[in-house]
Each structure stands twice: as structure tokens, then as C-alpha cells.
Amino acid sequence: MCSLPVPREPLRRVAVTGGTHGNEMSGVYLARHWLQAPAELQRLSFSTVPVLANPAATAACRRYVDDDLNRTFTSSFLNSRPTPDDPYEVTRARELNQLLGPKASGQAFDFVLDLHNTTANMGTCLIAKSSHEVFAMHLCHHLQLQYPELSCQVFLYQQSGEESYNLDSLAKNGLALELDPQPQGVTLVATVLDFIELFNQGTAFPAFEMEAYRPVGVVDFPRTDAGNLAGTVHTQLQVGVDFPTLIGKPSFPPPPGHRALISGEPA
Numbered sequence: 001m002c003s004l005p006v007p008r009e010p011l012r013r014v015a016v017t018g019g020t021h022g023n024e025m026s027g028v029y030l031a032r033h034w035l036q037a038p039a040e041l042q043r044l045s046f047s048t049v050p051v052l053a054n055p056a057a058t059a060a061c062r063r064y065v066d067d068d069l070n071r072t073f074t075s076s077f078l079n080s081r082p083t084p085d086d087p088y089e090v091t092r093a094r095e096l097n098q099l100l101g102p103k104a105s106g107q108a109f110d111f112v113l114d115l116h117n118t119t120a121n122m123g124t125c126l127i128a129k130s131s132h133e134v135f136a137m138h139l140c141h142h143l144q145l146q147y148p149e150l151s152c153q154v155f156l157y158q159q160s161g162e163e164s165y166n167l168d169s170l171a172k173n174g175l176a177l178e179l180d181p182q183p184q185g186v187t188l189v190a191t192v193l194d195f196i197e198l199f200n201q202g203t204a205f206p207a208f209e210m211e212a213y214r215p216v217g218v219v220d221f222p223r224t225d226a227g228n229l230a231g232t233v234h235t236q237l238q239v240g241v242d243f244p245t246l247i248g249k250p251s252f253p254p255p256p257g258h259r260a261l262i263s264g265e266p267a
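Just so it is clear: in the sequence shown, position 81 is 81 by the numbering used here, and no numbers are missing.
It should be emphasised that the hints constitute simulated quantities derived from the structure, not laboratory data.
A couple of the hints might just be wrong.
Restraint ranges, calculated between C-beta atoms of paired labels, are given here [claimed, not checked]:
1) P5 with P82: 18 to 26 Å
2) D68 with A190: 26 to 34 Å
3) T191 with V6: 20 to 28 Å
4) A56 with E149: 36 to 44 Å
5) T232 with G161: 32 to 40 Å
6) D220 with A37: 37 to 45 Å
7) R32 with D68: 33 to 41 Å
8) A60 with D220: 22 to 30 Å
9) G227 with R12: 44 to 52 Å
10) P10 with A120: 30 to 38 Å
11) E162 with A37: 16 to 24 Å
From the three backbone atoms N, C-alpha and C, an ideal C-beta is built for every residue, glycine too.
Could you build all of it, start to finish, from the sequences and the hints given here?
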């Protein structure tokens with residue numbers, strides 16, 4: 001990854017969003033907390049706004065009401081003509097686009113940090129659009145250096161030629177965090193904001209190399225002829241996620257006399 005240029009345009013407007021998925025309570029808790037105590041997010045060189053992204057799903061303690069909000073920030077949804085029958089999340093995506101965007105415009109927020117958590121055994125995961133996002137990649141590298149004990153893994157979600165669809169894509173720069181417990185999440189968010197402060201002060205960030213992962217395929221669960229699940233994730237994959245060593249490992253506990261192995265080459 002190339003070094004960050006100096007001099008450079010500082011980031012002035014930042015948003016921290018939580019509850020994009022209404023039942024992911026780490027982000028919900030933190031967004032609600034910072035809405036009551038926004039001063040904790042402020043730094044000298046920029047302002048930060050906390051946002052509860054999907055209040056209706058949060059109130060229902062559901063991932064979403066009608067559709068996954070974190071898949072609705074594409075031009076086809078954001079720019080389509082509103083109708084009374086629109087799914088709730090499409091309407092909410094347009095509202096967030098007005099608040100944090102408009103997407104791909106000069107008026108958009110400089111940075112959005114979107115907070116998530118998951119039941120998947122992936123630890124602390126940093127989710128960026130692609131390796132071409134220079135600021136986000138330097139931020140990921142900074143977090144890895146600050147917290148080596150967390151083994152923060154970087155996941156690049158955007159496929160080649162695909163339009164970005166996540167909430168943080170509304171801003172000029174963005175990152176999503178899959179958080180571990182709340183105290184650790186608070187520390188990570190504070191470090192992200194401190195990094196932006198260093199960036200705005202003109203701190204030099206040299207070139208580096210880092211490991212990151214991108215999607216190359218999908219492995220579905222074994223299913224019966226009726227489409228019902230016929231397996232669970234194998235216990236060997238429950239201890240921790242070490243992507244390069246997964247090839248050839250059993251992926252699902254077998255029905256009698258059968259087991260499925262992970263195949264492919266490290267990318």
C-alpha cells in the first residue's frame with residue numbers, strides 16, 4: 001500500500017453509525033450512548049455525529065424490517081422515485097443519503113465508521129470496500145499496529161465491477177467494524193478518531209504491506225432434497241478463524257459416512 005500524500009485535504013465531517021442491523025446490539029448500545037454523550041466523539045480538527053441507522057429494526061430487535069439496510073445504498077435504490085409501497089429500509093436509506101451524502105458527491109461526509117457485531121467466530125474484523133481505498137487501508141494498518149493482540153483481520157467486500165452497497169459507502173471514505181465486547185469496541189472507535197486527528201495534523205504514514213481477504217466464492221450448508229439444512233459448521237472451525245490454513249479442513253459435521261471439505265487455493 002502506498003504512503004498517504006502530504007500535504008493533503010483534512011477530514012472535517014465524520015459520522016459513527018450503529019444499529020444498521022437492528023439486532024446487533026454493540027452498535028445500537030454505542031450509538032445510543034453517544035447520542036446522549038456526543039462530546040466523547042469530538043476531536044479538535046473535526047466534528048463527529050453519532051447516528052442510529054435503523055431505528056425501526058432496533059425497536060423491534062430485528063436485523064431489518066423489510067430488507068437488509070446494508071444492501072440498499074446503491075444508485076438504483078437511492079435515486080428511484082419514492083412510492084408508498086417502498087420497503088422501510090429503502091426509505092431509510094434515502095434519508096441517510098440526505099444526512100450523510102449525497103453518495104459520490106462533494107457534499108458527502110468525509111468518513112463514516114459503521115459498527116456491527118456478529119455471532120460468527122471472526123473476532124475483530126475490519127471491513128473495507130477495496131484495496132484502492134487508501135485512507136481506509138492505512139486506518140486498518142494503524143489499528144493492527146495499535147492492537148496486535150486482537151489479530152484484526154481485514155476483509156474487502158467489493159467484487160470487481162460491483163457498485164458499493166454498504167452504509168459507509170455514502171461517505172468519501174468509510175470502514176465497518178465487526179466488534180467484540182463493548183469496552184473493546186469503545187477503544188477501537190476512539191483509536192479510529194485519533195487516527196483521523198493525526199491524519200488532519202499532517203502525520204506521515206509510510207507505505208506498507210498487509211494481509212487482507214476478499215470473497216472468491218460461497219459455500220452453502222449441506223441441504224436435504226427439501227432444502228432444509230443438513231449440517232452445521234464443523235467444530236474445527238469454531239476455535240478461531242485462520243483463513244490460509246482452512247483449505248482441506250472439514251467444513252460441516254457429516255451425516256453418517258459423509259463430510260464436506262473446504263476446497264480452493266489461498267488468494
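Here is how each hint holds up against the structure:
{"no.": "1", "hint": "P5 with P82: 18 to 26 Å", "result": "40 Å, violated"}
{"no.": "2", "hint": "D68 with A190: 26 to 34 Å", "result": "29 Å, holds"}
{"no.": "3", "hint": "T191 with V6: 20 to 28 Å", "result": "21 Å, holds"}
{"no.": "4", "hint": "A56 with E149: 36 to 44 Å", "result": "37 Å, holds"}
{"no.": "5", "hint": "T232 with G161: 32 to 40 Å", "result": "34 Å, holds"}
{"no.": "6", "hint": "D220 with A37: 37 to 45 Å", "result": "43 Å, holds"}
{"no.": "7", "hint": "R32 with D68: 33 to 41 Å", "result": "21 Å, violated"}
{"no.": "8", "hint": "A60 with D220: 22 to 30 Å", "result": "28 Å, holds"}
{"no.": "9", "hint": "G227 with R12: 44 to 52 Å", "result": "50 Å, holds"}
{"no.": "10", "hint": "P10 with A120: 30 to 38 Å", "result": "36 Å, holds"}
{"no.": "11", "hint": "E162 with A37: 16 to 24 Å", "result": "37 Å, violated"}
The structure does not agree with the numbered hints 1, 7, 11 stated previously, though it agrees with the rest.
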